[in-house]
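Fit chain B to the given chain A structure using the hints.
2 protein chains.
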Amino acid sequence: MKLSFSPASPFARKVRIAAIELGLIDQIEFFPAAVAPGQANDEYSQITPLKKLPVLILDNGDVILDSYVIVEYLDELAGGGKLIPASGPLRWKIKTDHSLLQGALDAMLLCRYEKMVRPEGLRWQAWSDDHWNRAWTAMARFEPQIDAMLARPLDIAQIALACVLGYADFRFADCGWRKAYPNLDRFHQKMLERPSVTISLPPAA
Amino acid sequence: MKLSFSPASPFARKVRIAAIELGLIDQIEFFPAAVAPGQANDEYSQITPLKKLPVLILDNGDVILDSYVIVEYLDELAGGGKLIPASGPLRWKIKTDHSLLQGALDAMLLCRYEKMVRPEGLRWQAWSDDHWNRAWTAMARFEPQIDAMLARPLDIAQIALACVLGYADFRFADCGWRKAYPNLDRFHQKMLERPSVTISLPPAA
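So the sequences go chain by chain: A and B. Using our numbering, read the first sequence as starting at 7 and increasing by one per residue. Using our numbering, read the second sequence as starting at 7 and increasing by one per residue.
Looking at chain A on its own, in the form it has when it is part of the complex (with noise of 0.2 Å):
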């Protein structure tokens, strides 16, 4: 199997830590993908017209996104469940946390796209400060969940959880969030035991 990849790309990040925990990253093959708004990327919108990292392109040449759907597949092909319980209220509870930091990255990025990537004097403040509003509220939303959440065996959520964080260090590194928010500081200090987790971490900004 073939991933798109980036290492600046959370959500790519978040497919490599996922490969990792389940004993399946010796059978994917990285291939470096370049993206950015208003750049166009001909070879790569030919493999997904949405221009977005990652995808996993499948031996028989299937083609599967997005980084959520990649970790389903990967989760089934390591035996199912295992970091997407398989049943329960549990299994709608981490799917709705993974849904949230989702869309948290999401909001993250229209940020930096809207403070370094758009031209400077198109640039809107209000926009700036509503996505970025939703990315520390969804946070916020994880603070007082830390030891539950540090309870469970690894799943989806923790992973996207680490990935939101370490995209925050990555691009808004005077953002505050470890003064904010000890308990995800302390999450994210344990998260980094994992080697998956350190070695993905992004490259100095």
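If you're looking for bench data, these hints aren't it; they were derived computationally from the structure. From the three backbone atoms N, C-alpha and C, an ideal C-beta is built for every residue, glycine too. Heads up, some of the hints might be wrong.
[Unchecked claim] Only pairs whose alpha carbons sit at most 20 Å apart, straight line, appear in this in silico EDC-like list of lysine to aspartate or glutamate: (1) 121(B) - 126(A); (2) 99(A) - 68(B); (3) 99(A) - 78(B); (4) 99(A) - 65(B); (5) 99(B) - 126(A); (6) 121(A) - 136(B); (7) 121(B) - 136(B).
[Claimed, not checked] Distance ranges between label pairs, derived from CB positions: (8) 199(A) - 52(B): 45 to 51 Å; (9) 156(B) - 87(A): 42 to 48 Å; (10) 179(B) - 158(A): 47 to 53 Å; (11) 192(B) - 158(A): 45 to 51 Å; (12) 36(A) - 149(B): 29 to 35 Å; (13) 67(B) - 49(A): 43 to 49 Å; (14) 146(B) - 127(A): 29 to 35 Å; (15) 191(A) - 179(B): 24 to 30 Å; (16) 204(B) - 127(A): 22 to 28 Å; (17) 36(A) - 146(B): 24 to 30 Å; (18) 67(B) - 13(A): 23 to 29 Å; (19) 87(B) - 84(A): 39 to 45 Å; (20) 192(B) - 44(A): 33 to 39 Å.
For chain B alone, coordinates are given in the frame of chain A:
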């Protein structure tokens, strides 16, 4: 159960169609929610920090999001394997198709915000063009697949495609998708034979 709803939201429409087709609509009460980027909605942000439609609130107070996870939840409630195949290659095909179409809707929404919501002097044409292109080429992916899609029992990818096309009519009435994609036009007409699809059409723009 309660579902946050707006007749203008293609994501809420997808859940509504799914709930009707699964025979669960009578168990769901809609509550209105209005969200727009750059505008606060503190009450709704308490329910979901992402400030997006829809969310499903269960009778015990648990919240489920996003629209795809809600459909998965309803599908399970209806016995499982109805709108999303429970296993096999078609499961991953349909999930991937749904992700593509979900991404197309996200891209269309970003276009709409750029062209209609953002202050006029702050609009970036390359951003609109790029995101419209993603949606447009995502539609193109389905043009040669329509016969195969129509031959399958109803699934979440078909519902999502109907929502993409309905949203194109609603917000991009002049885009000319029917002329560019005659098979999609035929698909859309076929889908409109379902009361669930007709009753949920967006209001006149």
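Consistency of the hints with the structure:
1. 121(B) - 126(A): holds, 18 Å
2. 99(A) - 68(B): holds, 8 Å
3. 99(A) - 78(B): With Cα atoms ~13 Å apart, residue 99(A) and residue 78(B) stay inside 20 Å; holds.
4. 99(A) - 65(B): holds, 15 Å
5. 99(B) - 126(A): violated, 41 Å
6. 121(A) - 136(B): Given that 20 Å is the threshold and the Cα spacing comes to 18 Å, the pair holds.
7. 121(B) - 136(B): holds, 13 Å
8. 199(A) - 52(B): 45 to 51 Å: Violated: the Cβ-Cβ distance is about 34 Å, outside 45 to 51 Å.
9. 156(B) - 87(A): 42 to 48 Å: At roughly 34 Å between Cβ atoms, residue 87(A) and residue 156(B) fall outside 42 to 48 Å, so the hint is violated.
10. 179(B) - 158(A): 47 to 53 Å: For residue 179(B) and residue 158(A) the Cβ distance comes to about 48 Å; the hint holds.
11. 192(B) - 158(A): 45 to 51 Å: Holds, since residue 192(B) and residue 158(A) (Cβ atoms, about 48 Å apart) stay within the stated range.
12. 36(A) - 149(B): 29 to 35 Å: Between residue 36(A) and residue 149(B), where Cβ atoms are some 31 Å apart, the hint holds.
13. 67(B) - 49(A): 43 to 49 Å: 48 Å Cβ-Cβ, so the 43 to 49 Å window holds.
14. 146(B) - 127(A): 29 to 35 Å: Taking Cβ atoms as reference, residue 146(B) and residue 127(A) lie about 34 Å apart, which means the hint holds.
15. 191(A) - 179(B): 24 to 30 Å: The hinted range 24 to 30 Å is violated for residue 191(A) and residue 179(B), with Cβ atoms some 50 Å apart.
16. 204(B) - 127(A): 22 to 28 Å: violated, 45 Å
17. 36(A) - 146(B): 24 to 30 Å: holds, 28 Å
18. 67(B) - 13(A): 23 to 29 Å: violated, 40 Å
19. 87(B) - 84(A): 39 to 45 Å: Cβ of residue 87(B) to Cβ of residue 84(A): about 21 Å, so the range 39 to 45 Å is violated.
20. 192(B) - 44(A): 33 to 39 Å: Since the Cβ atoms of residue 192(B) and residue 44(A) sit about 34 Å apart, the hinted range of 33 to 39 Å holds.
The earlier numbered hints that this structure contradicts are 5, 8, 9, 15, 16, 18, 19.
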